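Whenever a hint applies, use it, and build me the whole structure from the sequences.
Just so we're aligned: the sequence shown equals residues 107 to 479 in this note's numbering.
Hints should not be assumed to be uniformly reliable.
Stated by the list, open to error - No farther apart than 16 angstroms at their CA atoms in a straight line, the calculated lysine to aspartate or glutamate pairs in the EDC-like style are these:
#1 Lys460 / Glu436
#2 Lys370 / Glu436
#3 Lys118 / Glu182
#4 Lys108 / Glu168
#5 Lys108 / Glu200
#6 Lys118 / Glu189
#7 Lys172 / Glu200
#8 Lys206 / Glu191
#9 Lys367 / Glu417
#10 Lys230 / Glu267
#11 Lys396 / Glu452
#12 Lys365 / Glu452
#13 Lys108 / Glu156
#14 Lys172 / Glu195
Calculated from the structure, these hints are not laboratory results. Computed from a prediction, not measured in an experiment: that's the story for all the values here.
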Amino acid sequence: MKFRVSQEDLAKALSACSRSTGAKSNLPILSNILVNCSKNNLEVTSTNLETAIKIAIPCIAEKEGKTTLPGRTLFEFVPQLPEGEITVEKLGEEVLLSTKGYSARLATMAADEFPAIPKIASGKELKIKARDFSKNVQKVEYCASQDESRPALTGVLCELEKRGFLMVATDGYRLSFSQIVDAKSAQVFKLIIPASALSELAKIITETESAEGEQLTILVASQLNQVEFKIGGIEFTTRTIEGEYPGWQKIIPSAFGTKAKIQKADFVKQLRIASIFARDAGNIVKLNLKEGQLTIFANTSQVGSNEITTEARIEGPGGEIAFNFRYLLEALSAIEGEDVLFEMGESLTPARLKSTESKDPSFHIIMPVRLQS
107 MKFRVSQEDL
117 AKALSACSRS
127 TGAKSNLPIL
137 SNILVNCSKN
147 NLEVTSTNLE
157 TAIKIAIPCI
167 AEKEGKTTLP
177 GRTLFEFVPQ
187 LPEGEITVEK
197 LGEEVLLSTK
207 GYSARLATMA
217 ADEFPAIPKI
227 ASGKELKIKA
237 RDFSKNVQKV
247 EYCASQDESR
257 PALTGVLCEL
267 EKRGFLMVAT
277 DGYRLSFSQI
287 VDAKSAQVFK
297 LIIPASALSE
307 LAKIITETES
317 AEGEQLTILV
327 ASQLNQVEFK
337 IGGIEFTTRT
347 IEGEYPGWQK
357 IIPSAFGTKA
367 KIQKADFVKQ
377 LRIASIFARD
387 AGNIVKLNLK
397 EGQLTIFANT
407 SQVGSNEITT
417 EARIEGPGGE
427 IAFNFRYLLE
437 ALSAIEGEDV
447 LFEMGESLTP
457 ARLKSTESKD
467 PSFHIIMPVR
477 LQS
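Here it is in structure tokens:
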């Protein structure tokens, strides 16, 4: 095997592949990257048995072949090399990488030891704008649970139906919903995808310069518990989570008596100030809405108390409600636009945060904390 490849192209491919190696696995081969050179095309593949990434980039092939190379070494070494052409040549049990005064010899492991990545032969297909997909993933994935005892909640519900492509995530304390309205297809599907996998995919799309305006192809396997995403020369495969997703619609109140329009940047700043006083008291902050004002309270017996009042456009009777400030901040970070709409009912019923922009159907539900009497 011998080929020449652009340092920039290889570094970008390796950066994406670094998100799917099994560096902590007991199987040494999962720490390696599969390199396959054929017909002036170089495929770089990584897997941790849960997800797999394959990147195709151009190369000048002098001799076709494939092998596996230590991933961590490649991830750290190649980006440090000068721009230009890298020559990669297999010499016995080693591979020589060389360019402009730099060279390195890397140990190899046989390519046939690398796990085969199952190909989806048939299934349901959807094409949507890649940037829309990544933005919507970022709106919901933070709400997924970290508790492995409830596998379904560690994933994101992805559903293609007549309203479009929906994504929902919840950990039982909060819920996030997003919708891509113009994602329409005659084929419908519902599946649960690990939130960690979607998060990595969204980062890859964001870092892909050519992704602006590109279509993302989603292929859901008919037989295997597997889904594949394709954009440009990138193929991202992940397993799906078996089981039923909880009835998330039941969590959402049918009506909210009080609505407040709040300037997002001010709200975030005030919550961060309040968090200084709340972090030793279970992260709890109290919100009071009345007469055009939002007041945020936080106190702890060891530190002291804090009170911040700001203007807000309030409709309805107002009221008092308490939350974990971290849940509020994470929801606000997922909302686009300058203003947010905060909606609440009673002090112990879920509240909703959403953008004031009418074109954005996404929203975030947060369960309140019982106030001490």
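16 angstroms limit on alpha-carbon distance, applied to hinted pair Lys118 and Glu189: holds, 12 angstroms
Pair hint outcome, Lys396 versus Glu452 [Cα-Cα no greater than 16 angstroms]: The given pair, whose Cα atoms are some 14 angstroms apart, holds under the 16 angstroms limit.
Given pair status - Glu417, Lys367, alpha carbons within 16 angstroms: Measuring from Cα to Cα gives roughly 9 angstroms; hence the hint holds.
Pair hint Lys172 and Glu195, alpha-carbon separation not exceeding 16 angstroms: holds, 10 angstroms
Given pair status - Glu182, Lys118, alpha carbons within 16 angstroms: holds, 12 angstroms
Agreement of Lys108 and Glu168 with the hint, judged by alpha carbon distance not exceeding 16 angstroms: Roughly 5 angstroms between the alpha carbons, so the hint for Lys108 and Glu168 holds.
Pairwise hint evaluation, Glu191 against Lys206, where the allowed Cα distance is 16 angstroms at most: At roughly 8 angstroms apart (the allowed maximum being 16 angstroms), Glu191 and Lys206 satisfy the hint.
Pairwise hint evaluation, Glu436 against Lys460, where the allowed Cα distance is 16 angstroms at most: Distance ~12 angstroms between Lys460 and Glu436 Cα, so the pair holds.
16 angstroms limit on alpha-carbon distance, applied to hinted pair Lys172 and Glu200: holds, 12 angstroms
Restraint check for Lys365 with Glu452, where alpha carbons must lie at most 16 angstroms apart: holds, 12 angstroms
Restraint status (C-alpha distance of Lys108 to Glu200 at most 16 angstroms): holds, 12 angstroms
Restraint status (C-alpha distance of Lys230 to Glu267 at most 16 angstroms): holds, 13 angstroms
This entry does not satisfy hint 13, going by the numbered hints stated previously; all others are met.
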